[in-house]
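Engineer: Listed in order, the protein sequences are those of chains A and B.
The numbering of the first sequence is this note's numbering, which starts it at 1 and goes up by one.
The numbering of the second sequence is this note's numbering, which starts it at 1 and goes up by one.
If you are wondering where the hints come from, they were derived from the structure by calculation, not from laboratory data.
Hints should not be assumed to be uniformly reliable.
Covered stretches of chain A (in silico footprint by chain B; criterion: 3 or more residues with CB under 8 Å from a CB of chain B, positions within the stretch not fixed) [as the list claims (entries may be wrong)]: (1) 185–199; (2) 265–274.
DEER-style ranges, computed between Cβ atoms [to be verified]: (3) B/51 to A/150: 50 to 56 Å; (4) A/23 to B/14: 52 to 58 Å; (5) A/9 to B/678: 32 to 38 Å; (6) B/32 to A/11: 55 to 61 Å; (7) A/20 to B/687: 35 to 41 Å.
All values reported here derive from a predicted model rather than from experimental measurement.
Virtual Cβ for every residue (Gly too), placed ideally from N, Cα, C.
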Amino acid sequence: MSSVMDPTKVTYLRPTSVAEAVDALRTSDGARPIAGGTDLMVQVRLGRRRPDTVVDLSAVDGLAELSEERIGAGVTMRRLLASEHAAAAWPALVEAARLLGGRQIQAMATVGGNLCNASPAAESATPLLVHDATARIAGPDCVRAVPLEEFWSGPGQTVLGPGELLIAVTLPATAGRSAYRRIELRRSVDIAVVSAAARLEIVDGAVAQARVAIGAAAPTPRRVVAAEQVLEGVAVGPDLERAINQAAVLAGDACVPIDDTRATARYRTAMIPVLVSRALAACVP
Amino acid sequence: MTGIAPRWIGQGIAQTDMRDKLTGAADYVGDLTVPRMLHAAIVRSEVAHGIIRSIDTSRAERVPGVRAVLTGADTPSIPFGPYVPDWRILAEDKVRYIGDEIAAIAATSPEAAREAAALIEVDIEPLPAVFDPFEALAPDTPPIWDERPDNVANAFAIDRGDLEAGWAAADLVVEGEFTTNRIYHGYLEPIGVLAEAHPNGRYTLTVPTHIPYKARITYASALGIPLDHIRMVVPPIGGSFGAKYEMLEPLIVACLSRAAGAPVRLVYDREEDAAIARPRPPFHFQHRIGVTAEGRFVARETEVTGIAGARVFWSPAILATAVHRVDSLYHFGSMQGSGRLAYTNEPPTTAMRGFGNAEALFGIEQLIDEIAERLDHDPIELRRRNAAKAGERTMHGWLISSSELPACLDRARELSGYPQRRALVEGTRGRTGIRRGMGMAIAHHVSGYKPILKDFDGSSAIVRLGGDGRVSLFVGEPDLGQGQVTILSQIVAEGLGCAPNDVQVQGVDSAMSPDAVGTLASRATTMAGMAAVEATRAARERLTAFIASGWQVDASELEWDGPKVTHAVSGRSSTLADAAHDYQVVHCGLPLLGEGVHRPDTEDLDAEKYGNPSVAYPFAAHVAEVEVDCDTGQARVIGYWAVHDSGTILNPSTARSQVLGAIAQGVGWSLMEDVDIVDGAVRNPSFLDYRIPGAGDMPARTVVEFVEGYEPNGPHGAKSLAEAAINPTIAAVANAIHDATGVRPRHVPIAPERLWEALQEDAS
Chain A
1 MSSVMDPTKV
11 TYLRPTSVAE
21 AVDALRTSDG
31 ARPIAGGTDL
41 MVQVRLGRRR
51 PDTVVDLSAV
61 DGLAELSEER
71 IGAGVTMRRL
81 LASEHAAAAW
91 PALVEAARLL
101 GGRQIQAMAT
111 VGGNLCNASP
121 AAESATPLLV
131 HDATARIAGP
141 DCVRAVPLEE
151 FWSGPGQTVL
161 GPGELLIAVT
171 LPATAGRSAY
181 RRIELRRSVD
191 IAVVSAAARL
201 EIVDGAVAQA
211 RVAIGAAAPT
221 PRRVVAAEQV
231 LEGVAVGPDL
241 ERAINQAAVL
251 AGDACVPIDD
261 TRATARYRTA
271 MIPVLVSRAL
281 AACVP
Chain B
1 MTGIAPRWIG
11 QGIAQTDMRD
21 KLTGAADYVG
31 DLTVPRMLHA
41 AIVRSEVAHG
51 IIRSIDTSRA
61 ERVPGVRAVL
71 TGADTPSIPF
81 GPYVPDWRIL
91 AEDKVRYIGD
101 EIAAIAATSP
111 EAAREAAALI
121 EVDIEPLPAV
131 FDPFEALAPD
141 TPPIWDERPD
151 NVANAFAIDR
161 GDLEAGWAAA
171 DLVVEGEFTT
181 NRIYHGYLEP
191 IGVLAEAHPN
201 GRYTLTVPTH
211 IPYKARITYA
221 SALGIPLDHI
231 RMVVPPIGGS
241 FGAKYEMLEP
251 LIVACLSRAA
261 GAPVRLVYDR
271 EEDAAIARPR
281 PPFHFQHRIG
291 VTAEGRFVAR
301 ETEVTGIAGA
311 RVFWSPAILA
321 TAVHRVDSLY
331 HFGSMQGSGR
341 LAYTNEPPTT
351 AMRGFGNAEA
361 LFGIEQLIDE
371 IAERLDHDPI
381 ELRRRNAAKA
391 GERTMHGWLI
401 SSSELPACLD
411 RARELSGYPQ
421 RRALVEGTRG
431 RTGIRRGMGM
441 AIAHHVSGYK
451 PILKDFDGSS
461 AIVRLGGDGR
471 VSLFVGEPDL
481 GQGQVTILSQ
491 IVAEGLGCAP
501 NDVQVQGVDS
511 AMSPDAVGTL
521 ASRATTMAGM
531 AAVEATRAAR
541 ERLTAFIASG
551 WQVDASELEW
561 DGPKVTHAVS
571 GRSSTLADAA
581 HDYQVVHCGL
591 PLLGEGVHRP
601 DTEDLDAEKY
611 GNPSVAYPFA
621 AHVAEVEVDC
631 DTGQARVIGY
641 WAVHDSGTIL
651 NPSTARSQVL
661 GAIAQGVGWS
671 LMEDVDIVDG
681 AVRNPSFLDY
691 RIPGAGDMPA
701 RTVVEFVEGY
711 EPNGPHGAKS
721 LAEAAINPTI
731 AAVANAIHDA
741 TGVRPRHVPI
751 APERLWEALQ
761 EDAS
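So here's chain A without its partners, still in its complex pose:
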C-alpha cells in the first residue's frame, strides 16, 4: 500500500537543550520533532508524513517540567495522572488524560505532542482552553507566548513557524471546578467523536467566571465565549440550571463539524449541548 519511510535515510538528532532543539529543527524543511511518537510514527507508517530529519525531544532539559503553573511540552499523560496537583487544579485535564489512548499510549503521549498534532479532537485541548492556558513557543530568536485558543490554524495546523518549538503551556491559578466529557463509540481506547470541557468559578453563590470549550466540533478546538457570557454572574440554583441549558444551546450553535466515518455533522452538533450541559453540571458544587 503506502510506501514506508526508509529508516536508513532519516537523520536522527537528539538535542539536550531548547536552543539545540530549535537549531536542529532548522536543519531541514522536512524536520519533525518527536516526543512520544504516538501520532508521528503512525503517520509515518501510513505514509502521511515523510520527515527527513527526526528531532528527538526526550533529552531536552526542562521540557518535562511540571509545576503549579506550568506543564512542560514533554509531560506525559501518565505524569498528569500521577500528579496530585493536576488532579486538584485541573480535573478536566486529568480526566482527558485518563481517556487518551490506552495505558501504553498514556505512558508515551505528551501534552506538547497532543497539542501540536492539532487534531480537532485532541483530548488535552479543550481542558487546557478552559484553564486559560498559554502556549510558550521557542524560536530562533526568542520565546513567544500565544493564547492557546490562537495556537491552531486548522485541522493538523498550528501557528508554529519554521524552527519553532512548543516548550510548555502555562496556566494562571484558576479557581473552581472543571470537567471534561466526550462521546466515544467504544469504552476501551477510543478517540472523541465530540468533546466538551467546562469550568465554573463560583464566588458567594454566583458564577464569577465561566469557561466552555468544544472539541471535534469545528476545524480546531475552540472556546464558546457566548456560552460563557450567559453563565457569568448567575446565582447557583434554578437560574444556573436555566443558564446551563442556554449555554448548551449556544455551544451547539458554535459547531461547524464534519461528516466522517465516526459520525455525521448532525449527530456531532446534537451531542455538543448534551456534553456541555453535563460538563457544566459537574462543575456545580
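For chain A, the structure is supplied; the task is to place chain B on it using the hints.
Structural biologist: Here is chain B on its own, set in the frame of chain A:
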C-alpha cells in the same frame, strides 16, 4: 472405557500449544523465511468498475530488487471459483471493485516491492458502478459480469408444508424488516502466504487456510494442473473466524514464484488486510411469522437479499443458511423462503462465525419477543413451546439427536432473573435519561454440516505411536486458534493412557495428513474428534494384540492403567513407550499406526432439500442486560448470561473461553463493529475506526454455564459450541435495548448515532 472415570475428558487443562504461542515460538507465515525468499506486493484498482485500457509496468521493472512483475496477461486465464467461476488470478479486461487485483510484484525486499507497485501505471476507463443490492438487481442496471445480466450472483428458494393453511390458522401475524451488516473478522494475524514453485511444475503453498484440501481443488483448477502438483502446508493460524477459507492470494503468490524462480512471501499489513477484507455479507430480511392465540407458530415467510460483492466467495452457503436454518430451531408449521445475492462493485463477502444463522435470528428473535408481548406470553415459555426438541425431526428433515435447550432456558431464567427481574425495572422503560433493560435470544447450529465436499464426508485420523514413545495425531482439520489441538490431544490421551502434552497434533500437510473437508461448519471437534477416538482405539487394540502375541497370552487378560499394561494372571507388565519401541523393532522400523474413519450417520439432502445434514445440533439460551444513555444513544451491555448445551464439555476452560469470545464479538457486532463502505471504498481499514470491543466494553457481570447432556453422535458425547455461541448475541442485545427504550432495533450495529436517531423519531 465405560464405567471408568475419564482421566482427561472434561478436564480444563491449559491449551497445549499456548506456551509456543505466548513465547513467540510458534511460526506463523510472517515468521517463516526460506533461502532466496522474495516479497510480494499487489497493485489494486482504485476504481470501483472500469475497463482496463492499459497497464504500464516498465518503470516498476526497473526498480532495483524487482524479480517479477505480473499482470492478468501473465497468469493462467482459466475462470474458477468455489461456487461460481468468477475468479481470476489477476484482473483481465475489467476491474470490478476498489481493491481488485490488477498486478503483482516480487522483489528482494517488501520496500522494493511496494515501491515498484506504486510505479505501475494503470489506465482505466470508468464504468457506472453499483453499490446498492436492490439497485443492482433492478431490471435496467448494467451487469457487473456479462454472464449474469441480472446481477444475481446466487439465489436460494425453499418451501415446506401448507403455508396457506398456516396463515389461515394464525390469530396474529408479526412482520418486520431487519438488516445486518459487514463485519471484519479482526483476527490477530493478517492474511499471508508463502509459495514456492518448483522446477518440476509443482508447488508448495504454505497457507493459513482451514480448508486446505478444498482450497487445493480451487487452486489446481485455476492453475490448470493436477491436484497432486500442489502440496498444501498449513502453519499455525492466528485466527480466522471464516475469512481464511479459500483465499485468492496464494494463487497470485504462486504465479509470482513461478515467474521469479524463487520462493515468494506475501503478508498484509493491517490496513491492506482490512481494506480488502472479505467481510460477513450484509443482508436485508423481510420476515413474517404467524402464530395462534395459544402461542403456537403456524407459518413463516422470509425474503432475504444479500451482497456477494464483485465475485462469489462463500456467500451462497451463508444465504441458504440465512433463509432456512431457523426452521430447525423452532417448528414454524409451514414456511416459504427465498433469497438472492447481488453482485455489487464492492469487495467480495464471505464466511464468518455463525454465518447466516446469527443474521436471521437478529430479526426472528425480535419478532418472537413482539409475539410474546402482544399475546402477553412469557417470552421464555413461548420459545420453549415452539422449539424443536430431542428426538424430533424438523420440517426440513433435521434430526435433533440431543437437546438440553429446555434445561438451558430454565438455567438462563434462574441465573439472570429474566423475565421476572424485568418487572423490577419496568417502570424505567423510556426514551430519556438512563434506561436499563433485559432481553433474551436462543439459538442452535450444526455440528459438522454434511453437503460441502462430496469427496470427503466425515473425517479420518491417523495415530502414530513412534518407537521413541512419541504420540502424533494426523487429521485434515487445521486448528485456527480455537483450541481443537488441545481437545484432540485430550481425546488421544484418554484412549492411550498418556498425557495430553505427550500428544503432538500435527499441522495439516497434504503430503502426510488425511484428506478432509477441513475446519468449518462447526465440524472439527465432532468429526475429527470421532475419527481421533477411532484411530486411538485402533492403535490401542493393535498394541495390545502385539503385546499379547509377544507374551503368548490372551489379549483380554491384559489390563491398561494409564500408560502401564499388566497381565493380570502372571503380573508381567510393560509401558506404552516400551511396547511401542518393541513394536517398531519387530516391524523393521514401522511405527505403530492406528487408523480411524468416521463416517457420520447423516442423510444427503434430496431434491427438495430435505434430509439430516448434521450429526448433531448444539443449543444456547442467552440473556443480555443493557444500559442506554438516551440523550446520546450510547448503549452498553452491563450483564450477560450464556447457558449452553454442547453435550459433554471436553474442556471446560477452553469451552468457557469460546463463549466469552463469542460474547465479545456479539457485543462488538451489536454495538460498534461495521465495515464502513462508501461508493465501494472502505473508510475504516484500521483498528482505530473499525472498533472491536475491549475489556472496558465487556459486561461487568458475565455468567457462562453448560448444561451437559450426552450427544450419541459426538466424541465422548460432545457436540459443537463456538458458532452456536455467537448466534443469539445480537438478537439478545437488541431485545434488551427494546426492553430499555421501546425502540425496536432494525439494524446492526446499534451504534450511538443510529440509536439516538431512532429515539428521536419515536419520541416525536
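Engineer: Determine for every hint whether it applies to the structure shown.
Structural biologist: Each hint tested on the structure:
Counting residues of the region 185–199 of chain A whose CB falls under 8 Å from any CB of chain B gives 8; the rule of at least 3 is met. Check on the region 265–274 of chain A: 4 of its residues sit with their Cβ under 8 Å from a Cβ of chain B, so the three-residue criterion for coverage holds. The supplied range of 50 to 56 Å is met by residue 51 of chain B and residue 150 of chain A, whose beta-carbon atoms lie about 52 Å from each other. For the pair residue 23 of chain A and residue 14 of chain B, the supplied restraint of 52 to 58 Å holds, since their beta-carbon distance comes to about 56 Å.
Here the CB-CB span from residue 9 of chain A to residue 678 of chain B is close to 36 Å, well matched to the stated 32 to 38 Å. At roughly 34 Å, the beta-carbon separation of residue 32 of chain B and residue 11 of chain A lies outside the given 55 to 61 Å, and the hint is violated. At roughly 37 Å, the beta-carbon separation of residue 20 of chain A and residue 687 of chain B lies within the given 35 to 41 Å, and the hint holds.
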